[in-house]
Structures are given as structure tokens and as C-alpha cells.
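Asker: Generate coordinates for the entire structure from the input sequences, incorporating the hints supplied.
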Amino acid sequence: MRIVCVSDTHSFHDRVDVPDGDILVHTGDLSRRGSREDVRSFDRWLGALPHPHKVVIAGNHDFCFERDATARGWITNAIYLQDEGCVIAGLKFWGSPWQPRFFDWAFNLDRGVQLREKWDLIPPDTDVLLTHGPPHGVLDVTYAGLVVGCEELRAAVSRVRPRLHVFGHIHEGYGRSEQDGTRFVNASSCNVQYIPTQAPIVVDL
2 MRIVCVSDTH SFHDRVDVPD GDILVHTGDL SRRGSREDVR SFDRWLGALP HPHKVVIAGN
62 HDFCFERDAT ARGWITNAIY LQDEGCVIAG LKFWGSPWQP RFFDWAFNLD RGVQLREKWD
122 LIPPDTDVLL THGPPHGVLD VTYAGLVVGC EELRAAVSRV RPRLHVFGHI HEGYGRSEQD
182 GTRFVNASSC NVQYIPTQAP IVVDL
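If you want the working numbering, it's the position in the sequence shown, counting the first as 1, plus 1.
Worth flagging that the hints you see were computed from the coordinates, not collected in a lab.
For glycine and all other residues, C-beta sits at the position ideal for the given N, C-alpha and C.
One or more of the hints may lead you astray.
Claimed, not checked - Restraint ranges, calculated between C-beta atoms of paired labels, are given here:
1. Gly138 x Phe104: 21 to 29 angstroms
2. Ser159 x Arg37: 36 to 44 angstroms
3. Arg117 x Arg45: 36 to 44 angstroms
4. Val148 x Val114: 18 to 26 angstroms
5. Gly91 x Val193: 35 to 43 angstroms
6. Val148 x Thr77: 32 to 40 angstroms
7. Glu118 x Asp181: 18 to 26 angstroms
8. Val148 x Arg45: 32 to 40 angstroms
9. Arg160 x Glu85: 12 to 20 angstroms
10. Asn109 x Ser36: 17 to 25 angstroms
11. Val114 x Asp18: 40 to 48 angstroms
12. Asp18 x Arg160: 35 to 43 angstroms
Answerer: Below, the structure is given as C-alpha cells:
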């Protein structure tokens with residue numbers, strides 16, 4: 002199963018060269034600030050892509066999904082996940098948009114108990130985990146050298162041990178890694194200057 006991983010397109014989706022695959026996943030920050038037109042433009046782009054299956058979660062720029070319960074209905078060409086799962090071709094996906102509090106952006110929660118309660122929802126048989134932010138210590142170092150990933154998410158990944166964990170949020174953490182049987186992908190399309198120079202990452206499961 003070929004999974005094409007994309008994240009943090011920030012409304013520059015039309016400038017991303019997306020390779021073919023079986024499943025396209027986008028792990029949030031699809032918009033600039035979550036406007037209706039940004040989301041609809043993104044959805045039209047999704048509809049033009051050939052991938053048989055597409056899965057999307059929100060990120061901290063995508064305010065509409067946190068503020069308006071109807072916004073998820075604006076995504077018609079993909080499965081939208083928000084603390085929920087789906088099964089595609091036998092693979093069990095789980096998606097969640099939350100990350101440690103970062104200024105006044107969307108889907109912020111305090112480190113510790115608040116985030117742990119969200120990650121406790123991840124089923125133990127999850128194959129592909131989609132979160133907006135990274136786990137602590139994995140592709141999460143900022144340009145200033147700070148390690149900013151979520152400690153509680155790292156603990157959850159160690160417990161669940163998904164085959165693949167895809168995220169974004171930290172643009173400069175773009176890349177892939179593998180630890181303890183889990184493949185990690187930071188699929189941020191935009192670099193730290195918000196220019197979409199970073200190619201989608203393809204994973205074969």
C-alpha cells in the first residue's frame with residue numbers, strides 16, 4: 002500500500018507536485034487561517050488528485066474546524082478525522098489535530114493531562130497515526146534548536162506502536178525517521194519561510 006504524505010501546505014497546495022499512490026494523507030495546516038474559501042479551494046484540489054483514498058486532519062492554522070462544527074462538511078473529497086478513525090484496505094487510521102499550546106492558534110492544549118486525555122483515545126491496534134504535531138524528540142527541532150514535540154504523544158506512540166506516524170507543524174523538522182518499529186514522517190510541504198519547497202514523502206506499507 003503506497004501512502005503519500007503531505008502537510009502544512011498553507012493554501013499553496015496548487016504548487017505541490019503530488020506523486021501517485023493508493024492513499025493520500027494530509028496532516029493539517031491546509032489553510033492560512035481557516036477561511037471557508039481556503040478550505041473549499043483545498044477540497045477542489047483534493048478532488049482533482051487521482052489517489053483512490055484521501056485522509057485529512059486539521060492543524061493549528063485551520064481555525065474553522067475548531068470553531069464551526071459544520072466546517073468538516075466542506076471537505077467532500079477526503080475522509081476528515083478529528084479524534085476518530087477509519088479503515089482503508091485493512092489499515093486502521095487514527096487522526097487528531099491537537100498540539101501543545103502555541104500562542105493563540107487553533108487546537109491548542111496544555112502539556113500534560115489535557116493532551117494525555119486526547120492521546121489516550123488512540124486505539125491500541127492503530128496502524129497509521131495522523132497528528133498535526135510531532136512527538137517529543139522526533140523530527141521536532143526548530144530553527145532555534147528547541148525540541149518542541151509533545152511528551153505525552155511520544156508516550157502514546159510507544160504504547161500503541163503504530164506502523165506509521167505522520168505529522169507536520171514544525172516545518173524545519175521535515176523528513177523521516179524510524180524508531181522501535183514505527184516509521185515517522187514529518188511531511189511539512191512549506192519550509193520555515195512558508196514556501197512550499199519540500200516534496201511529499203512516500204511510504205510503502
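Asker: Evaluate each hint against the coordinates.
Answerer: Evaluated hints:
For Gly138 and Phe104, the Cβ-Cβ distance of about 22 angstroms falls inside the hinted range of 21 to 29 angstroms, so the restraint holds. Taking the beta carbon of each, Ser159 and Arg37 are about 39 angstroms apart, inside 36 to 44 angstroms as hinted. Between Arg117 and Arg45, the C-beta spacing of about 37 angstroms keeps the proposed range 36 to 44 angstroms intact. The given range of 18 to 26 angstroms is respected by Val148 and Val114, whose C-beta atoms sit roughly 21 angstroms from each other.
Checked against the hint of 35 to 43 angstroms, the C-beta distance between Gly91 and Val193 comes to roughly 37 angstroms, which is consistent with it. Under the hint 32 to 40 angstroms, the C-beta atoms of Val148 and Thr77, about 38 angstroms apart, fit the expected range. Between Glu118 and Asp181, the C-beta spacing of about 24 angstroms keeps the proposed range 18 to 26 angstroms intact. Under the hint 32 to 40 angstroms, the C-beta atoms of Val148 and Arg45, about 37 angstroms apart, fit the expected range.
Hint check: Arg160 to Glu85, Cβ distance near 19 angstroms, so the stated range 12 to 20 angstroms holds. A hinted range of 17 to 25 angstroms for the beta carbons of Asn109 and Ser36 is consistent with their spacing of about 19 angstroms. Between Val114 and Asp18 the beta carbon distance is about 42 angstroms. The supplied range of 40 to 48 angstroms therefore holds. In this structure the hint that Asp18 and Arg160 lie 35 to 43 angstroms apart at CB holds, the actual value being about 36 angstroms.
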